[in-house]
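Enquirer: First to last, the protein sequences are chains Y and E.
Heads up: the first sequence at position 222 corresponds to 222 in this note's numbering, and the numbers run straight through without jumps.
Heads up: the second sequence at position 246 corresponds to 246 in this note's numbering, and the numbers run straight through without jumps.
Keep in mind the hints are simulated off the structure, nothing from the lab.
Glycine included, every Cβ here is placed at the ideal spot set by N, Cα and C.
Errors might be hidden in some of the hints.
[As the list claims (entries may be wrong)] To give an idea of the chain Y side of the interface with chain E (calculated C-beta under 8 Å), a few residues: (1) Val-34; (2) Val-82; (3) Arg-85; (4) Pro-93; (5) Val-95; (6) Leu-96; (7) Val-97; (8) Phe-99; (9) Ile-103; (10) Val-104; (11) Asn-107; (12) Gly-108; (13) Leu-110; (14) Pro-220; (15) Gly-261.
[What the hints assert, rightly or not] According to the in silico footprint, chain Y covers these stretches of chain E (three or more CB under 8 Å from chain Y): (16) 57–69; (17) 118–132; (18) 242–256; (19) 275–287.
What follows is each chain in one-letter form.
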Amino acid sequence: MAWLDTIVQGILLGGLYALFATGLSLTFGVMRLVNLAHGDFSILAAFIAVVAVQTLGLNPLLALALVVPVMAAVGYGLQRLVLNRLLGRGILPAVLVTFGLSIVIQNGLLEAFSADSRRLNPGGIETASLPLGGGLAVGWFPLLTFAVAVLLLVGLQILIGRSAVGRAFRATSDDGGTAALMGIDNDRLYALAMALSLAVVAIAGIFLGIRTTFTFSSGPDRLLFAFEAVIIGGLGSLWGTLVGGVILGVAQTTGARVSPGWGVLTGHLVFLAVLLLRPSGLFAKSRRVD
Amino acid sequence: MTLAVERTTRASRFGAGAAVLLVAGLVALPWTGDAGLMRVVIEFIALLVLAQMWNLLAGYAGLVSIGQQAYLGLGGYALIVLADDLGVNPFLAVPLAGLVAAGLALPTAALVFRFRDAYFAVGTWAVAEVYRLLIANTGALGRGTGRTLKAVFPLARETREQVTYAIAVVVGVAAIVAVYLYLRSRLGLGLMAVRDSESASESLGVDVFRTKLAVYLLAAFGTGTTGALIYLNLLRISPDAAFSINWTAYTIFIVVIGGIGTLEGPIVGTVVFFLLRELLADHGSWYMILLGALAVLAMMRYPQGLWGLVAERWDLRFFPVQRRVRLDEPPPA
Numbered sequence: 001m002a003w004l005d006t007i008v009q010g011i012l013l014g015g016l017y018a019l020f021a022t023g024l025s026l027t028f029g030v031m032r033l034v035n036l037a038h039g040d041f042s043i044l045a046a047f048i049a050v051v052a053v054q055t056l057g058l059n060p061l062l063a064l065a066l067v068v069p070v071m072a073a074v075g076y077g078l079q080r081l082v083l084n085r086l087l088g089r090g091i092l093p094a095v096l097v098t099f100g101l102s103i104v105i106q107n108g109l110l111e112a113f114s115a116d117s118r119r120l121n122p123g124g125i126e127t128a129s130l131p132l133g134g135g136l137a138v139g140w141f142p143l144l145t146f147a148v149a150v151l152l153l154v155g156l157q158i159l160i161g162r163s164a165v166g167r168a169f170r171a172t173s174d175d176g177g178t179a180a181l182m183g184i185d186n187d188r189l190y191a192l193a194m195a196l197s198l199a200v201v202a203i204a205g206i207f208l209g210i211r212t213t214f215t216f217s218s219g220p221d222r223l224l225f226a227f228e229a230v231i232i233g234g235l236g237s238l239w240g241t242l243v244g245g246v247i248l249g250v251a252q253t254t255g256a257r258v259s260p261g262w263g264v265l266t267g268h269l270v271f272l273a274v275l276l277l278r279p280s281g282l283f284a285k286s287r288r289v290d
Numbered sequence: 001m002t003l004a005v006e007r008t009t010r011a012s013r014f015g016a017g018a019a020v021l022l023v024a025g026l027v028a029l030p031w032t033g034d035a036g037l038m039r040v041v042i043e044f045i046a047l048l049v050l051a052q053m054w055n056l057l058a059g060y061a062g063l064v065s066i067g068q069q070a071y072l073g074l075g076g077y078a079l080i081v082l083a084d085d086l087g088v089n090p091f092l093a094v095p096l097a098g099l100v101a102a103g104l105a106l107p108t109a110a111l112v113f114r115f116r117d118a119y120f121a122v123g124t125w126a127v128a129e130v131y132r133l134l135i136a137n138t139g140a141l142g143r144g145t146g147r148t149l150k151a152v153f154p155l156a157r158e159t160r161e162q163v164t165y166a167i168a169v170v171v172g173v174a175a176i177v178a179v180y181l182y183l184r185s186r187l188g189l190g191l192m193a194v195r196d197s198e199s200a201s202e203s204l205g206v207d208v209f210r211t212k213l214a215v216y217l218l219a220a221f222g223t224g225t226t227g228a229l230i231y232l233n234l235l236r237i238s239p240d241a242a243f244s245i246n247w248t249a250y251t252i253f254i255v256v257i258g259g260i261g262t263l264e265g266p267i268v269g270t271v272v273f274f275l276l277r278e279l280l281a282d283h284g285s286w287y288m289i290l291l292g293a294l295a296v297l298a299m300m301r302y303p304q305g306l307w308g309l310v311a312e313r314w315d316l317r318f319f320p321v322q323r324r325v326r327l328d329e330p331p332p333a
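One chain only, chain Y, in its complex shape (with noise of 0.2 Å):
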């Protein structure tokens, strides 16, 4: 029973790490980019709840209605004015800008926020759980982060395959240049596409932020595990990001209860062999890797 409850624990916590993912796998499926800075923008996210929870009393749930659209409004900023102007220049540039943003949000953070450790707290639904019967129980606060994840993954699928935004940014994944002349703005649309990455990940930022402490140095972590999650279940997949997050979730807390210096990395290791044995991850859509 104990390992059907770290079996259950670990689908729950793949929930949490497909929210950090699927923002990834949106920015690089629409512009092929890989932003290094992901983990730290969900823990600014974070960082700003904590100010809205103390200078505004809000429960850190309604937080979101606030720090949502900042950080959206962060991602389209971003995107316009410094990433856009690097497009077309190779990996090189986009890579190294959003590691220089990851090393200066945390450096940013550690002047503003000291070092200490922190933890939201919404009030009592972090620690009710649901009895499942025969000693299992689920908490609630899990439970809600993977419906929250699956819900917002839907809601993915309806935008990009139903919607004009969406066809415009299927378009523009397949062939920028064509999509311009077809009258797409593609300068605005990659805006987008980073605006509702990181709309996303700040969701995961504060419900990380919920579940367990976090410091201004676990954001680099959180762009692994979501990268990890993105590889596994193959790039294009949406689907697939929600099962390799549960896969690498499922992997951590197995190898937790293993030996509790054990989880993270047992994570690191299934990730690996997945790279070896499928490197198109499990549900890839095309067979590209690159």
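Dock chain E against the given chain Y, drawing on the hints supplied.
Expert: Just chain E now, with coordinates in the frame of chain Y:
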């Protein structure tokens, strides 16, 4: 009218003289007996070699690794295992630690070379985390608390400091000379061709995979040797410090600010790094924020870096790796 291929410049002939003077100064430094200054020089050389190795990877081979801290940490731990557990002379263990790092880079390459471009960057970072966590979970290596290099305890402190300093100077000079000669060689020409166009160089008979692999192994050797040098100087190692992403952050900022894809750039960048760190020594981590911001600005507006601006303005090249065609007009009859 005759054509001639130039491989030296006036600056490089002048620079060779200046370099000899600089090295002579470094060799003479221990006689001043200033141990503090010697430690600064060791640190300077360590960062300079790390920067040269990353520049070789990213600036010449197009391999943008964010995981070079893996080889720094492996080199540091290899030093301790070789010297304390296997009884190897600790000074001799420094280059051997570089070899250990290069040996581990071979299977690592089999994994990370499956990634391209930006995915290579994150993939190398993930692998560096795997090495950190493996060592942090190994009892014989001291787990999370790390270990202390004990093999040097019987030596007099002055002897240890002077030999460490001597090794640093040799490592620093050897790294720059090796990279310079490599880039000027036939292999270096192939490497730069691969950077500019993989398919075009492949069609001209350059083996792209082997060229990149060779650079990756060379960079792992240089980075591992430097890691051993750093911990021969510090004596105390822990997984979090040795495998810290900060090493790679310093390295990348140095190369990007100084000028990526040149040999002079990392030297200029290391000087800028030390100046900024000293100037902002009392202001916590603001120097990292400033360095990061400068690197972002450089990438956006001045991708050739500080040295690139200087070289373009005055046509200066101290380490010419390119071949330039000169047109000699015949003397009037």
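Enquirer: Of all the hints numbered above, which does this structure not satisfy? Sort the numbers upward.
Expert: Per hint list: zero violations.
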